[in-house]
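**Student:** Sequence:
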Amino acid sequence: MSDFPSLADLIPSSPSSGVPVSAPAMKVSSEEVEKKFQRKMSDVEHKQREVEAMRLANTLGIPHIDLEKFPVSHKALRMLPRERAAEVGVVCFYATPDGFRLGALDPTTPQVQDILHELEERHKSKGALYVISQLSFDRIFRLYDTLPNVAPVSKDIEITEENLSQVQADVHDFSSFQELIQKQSTTDLVSIILGAGLKLDASDIHIEAEEDAIHVRFRLDGVLHEAAQLPRTNYKRLVSRIKLVSSLKINVTENPQDGRFTIKLSTGEIDVRVSTLPTVYGESIVMRLLRQDREQLTLANLGLRGRTFELLSQEIARPNGMIVTTGPTGSGKTTTLYAIMHILNKPGVKILTLEDPVEYKMEGINQSQVDPSKDYTFAKGLRSMLRQDPDIAMVGEIRDLETAEISVQAALTGHLILTTTHTNSASGTIPRFLSMGVRPFLLAPALNTVMAQRLVRRLCQSCKKEMSISDAQQARVTELLASLPQEEQATIAGKPHMFFEAPGCEACNNLGYKGRIGIYELFLVTKEIEQLVLSGHMSEFEIQDTAVAQGMVTMVQDGVLKALDGLTSLEEVFRVTE
Numbered sequence: 030m031s032d033f034p035s036l037a038d039l040i041p042s043s044p045s046s047g048v049p050v051s052a053p054a055m056k057v058s059s060e061e062v063e064k065k066f067q068r069k070m071s072d073v074e075h076k077q078r079e080v081e082a083m084r085l086a087n088t089l090g091i092p093h094i095d096l097e098k099f100p101v102s103h104k105a106l107r108m109l110p111r112e113r114a115a116e117v118g119v120v121c122f123y124a125t126p127d128g129f130r131l132g133a134l135d136p137t138t139p140q141v142q143d144i145l146h147e148l149e150e151r152h153k154s155k156g157a158l159y160v161i162s163q164l165s166f167d168r169i170f171r172l173y174d175t176l177p178n179v180a181p182v183s184k185d186i187e188i189t190e191e192n193l194s195q196v197q198a199d200v201h202d203f204s205s206f207q208e209l210i211q212k213q214s215t216t217d218l219v220s221i222i223l224g225a226g227l228k229l230d231a232s233d234i235h236i237e238a239e240e241d242a243i244h245v246r247f248r249l250d251g252v253l254h255e256a257a258q259l260p261r262t263n264y265k266r267l268v269s270r271i272k273l274v275s276s277l278k279i280n281v282t283e284n285p286q287d288g289r290f291t292i293k294l295s296t297g298e299i300d301v302r303v304s305t306l307p308t309v310y311g312e313s314i315v316m317r318l319l320r321q322d323r324e325q326l327t328l329a330n331l332g333l334r335g336r337t338f339e340l341l342s343q344e345i346a347r348p349n350g351m352i353v354t355t356g357p358t359g360s361g362k363t364t365t366l367y368a369i370m371h372i373l374n375k376p377g378v379k380i381l382t383l384e385d386p387v388e389y390k391m392e393g394i395n396q397s398q399v400d401p402s403k404d405y406t407f408a409k410g411l412r413s414m415l416r417q418d419p420d421i422a423m424v425g426e427i428r429d430l431e432t433a434e435i436s437v438q439a440a441l442t443g444h445l446i447l448t449t450t451h452t453n454s455a456s457g458t459i460p461r462f463l464s465m466g467v468r469p470f471l472l473a474p475a476l477n478t479v480m481a482q483r484l485v486r487r488l489c490q491s492c493k494k495e496m497s498i499s500d501a502q503q504a505r506v507t508e509l510l511a512s513l514p515q516e517e518q519a520t521i522a523g524k525p526h527m528f529f530e531a532p533g534c535e536a537c538n539n540l541g542y543k544g545r546i547g548i549y550e551l552f553l554v555t556k557e558i559e560q561l562v563l564s565g566h567m568s569e570f571e572i573q574d575t576a577v578a579q580g581m582v583t584m585v586q587d588g589v590l591k592a593l594d595g596l597t598s599l600e601e602v603f604r605v606t607e
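In case it helps, this note's numbering puts the sequence shown at residues 30 to 607.
Some hints could be false.
Derived SDA-like pairs (lysine to any residue); straight-line CA-CA distance at most 20 Å [stated by the list, open to error]:
id	residue 1	residue 2
1	K403	K379
2	K228	G251
3	K493	G541
4	K228	R317
5	K494	A536
6	K265	V309
7	K98	E81
8	K543	L318
9	K278	H254
10	K375	N349
11	K493	R545
12	K98	F170
13	K493	P532
14	K155	D143
15	K228	S295
16	K228	H254
17	K212	D233
18	K155	P126
19	K494	R468
20	K390	D300
21	K153	V141
22	K98	R113
23	K494	F528
24	K76	P92
25	K493	G544
26	K104	R130
27	K379	R416
28	K556	R468
29	K375	K403
30	K390	Q321
What the hints contain is simulated information worked out from the structure, not anything from laboratory work.
Work out the full structure: start from the sequences and follow the hints.
**Tutor:** Encoded structure:
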């Protein structure tokens with residue numbers, strides 16, 4: 030080709046005679062001549078490759094870029110894995126928080142377009158495509174070799190059986206816990222606090238900054254208790270340590286953050302959800318302990334009994350419709366749905382869940398977690414779930430009209446929908462759906478059953494004893510028992526009305542209670558209730574009266590029956606329900 034120089038072209042001539050100067054006179058070795066020749070050839074090849082790339086770019090209407098000397102950061106390279114870059118012929122050569130740029134050998138391929146959209150979704154920024162030559166691609170691809178090998182950082186805190194045994198030996202109550210943590214270093218302190226929380230069966234650990242001290246509080250059976258205090262000198266290091274293992278930003282103190290980590294034990298894993306919140310005297314930290322090694326959930330050990338148990342067992346066997354549990358945050362709604370799914374989880378059944386967040390992992394069930402920051406909401410997630418052809422779908426919570434309407438439509442088209450909402454009673458659920466904007470003629474046939482629930486503390490069986498109640502309490506109990514359905518009255522007929530209390534002992538940390546149990550009320554959407562829904566003008570009280578007339582045991586009645594069985598105290602039942 031005429032564009033390529035000959036070897037003679039690279040040998041300099043004498044400016045006067047035009048006769049080539051001999052190699053010894055110019056002291057130019059044959060190796061140097063060869064190198065110059067190769068460089069010239071490389072320059073020509075580079076120009077030709079870039080011209081070809083420019084022609085392709087003009088044809089496609091996509092900009093061209095020469096990356097021969099373009100500075101590429103490690104951040105840009107890490108946008109795209111090396112293996113995928115090699116497979117598709119595309120590299121990321123520029124990346125900032127506002128956008129990124131991709132260079133591709135052929136930007137028209139579906140794989141390149143998929144990568145562009147995928148990165149835009151993942152990083153919530155705008156991307157752009159450029160045509161590059163093979164030489165530019167090879168040059169950027171070689172830069173992958175310059176990426177430092179960063180060893181993966183384990184975010185798991187290892188609390189060994191030995192650690193827990195020591196905590197069990199040293200911590201008997203809150204006072205012994207206070208003594209123990211005063212002797213520990215900051216690193217050990219985190220493990221000791223977590224170990225003590227597990228030993229005392231805490232569901233949440235609260236670390237709160239005050240003016241003079243740091244307060245550590247444990248939530249036991251739904252009630253917060255002061256567990257210990259720490260000097261403020263330990264505060265910053267303690268918070269930094271928790272943030273480090275939770276993958277939170279240590280230098281961010283003015284904004285809330287959420288993270289998580291895992292404690293690995295031989296008996297199973299403990300997932301810890303961490304939340305930080307800026308307060309006047311520093312950040313408040315809450316760690317929720319989610320035990321994955323919980324015993325098998327059954328409706329019976331959750332506290333469902335009698336007619337309520339029979340009706341729910343009957344309803345979950347239906348192939349379609351909606352089962353709704355309702356109650357305030359922390360009333361055990363999701364746990365009840367997990368117990369139902371445990372019954373329904375069979376090889377021939379496909380179950381999908383949409384949760385915020387996924388609290389307990391269940392084998393055989395496909396669980397998905399919503400992420401509003403990435404526009405993955407309950408409504409959008411539910412639409413996608415239904416395209417997966419599930420038999421049963423669990424929606425963690427219905428908060429808006431769109432999610433409610435999709436759930437109702439799914440229930441009417443052959444799916445069994447398990448979900449929750451927030452109301453004070455079962456009878457308040459239907460007005461809640463209607464207030465969202467759900468149409469009555471769709472809601473009435475979609476709903477199968479509605480159940481409300483609360484959690485009451487179990488009396489400590491080690492120190493439980495009989496107690497007498499006041500005249501006012503006796504009158505209230507008599508009224509509640511008299512309005513029970515006849516079949517429930519028959520179960521207590523002839524039995525003395527004895528109630529119990531627990532003064533506290535070492536087994537229950539002197540609290541009088543250990544563990545919790547549910548109290549429930551449930552009604553079926555019968556023809557009478559369906560007619561009330563279709564009328565569109567019914568009140569919560571009309572639904573309540575109709576459900577009671579059809580045999581519903583109310584939550585407070587269920588609680589009194591459990592108090593008569595010695596499972597909880599009358600005081601606890603009235604505290605939670607009234």
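**Student:** Where does the structure disagree with the numbered hints, that is, which hint numbers, in rising order?
**Tutor:** 1, 9, 17, 19, 22 and 29
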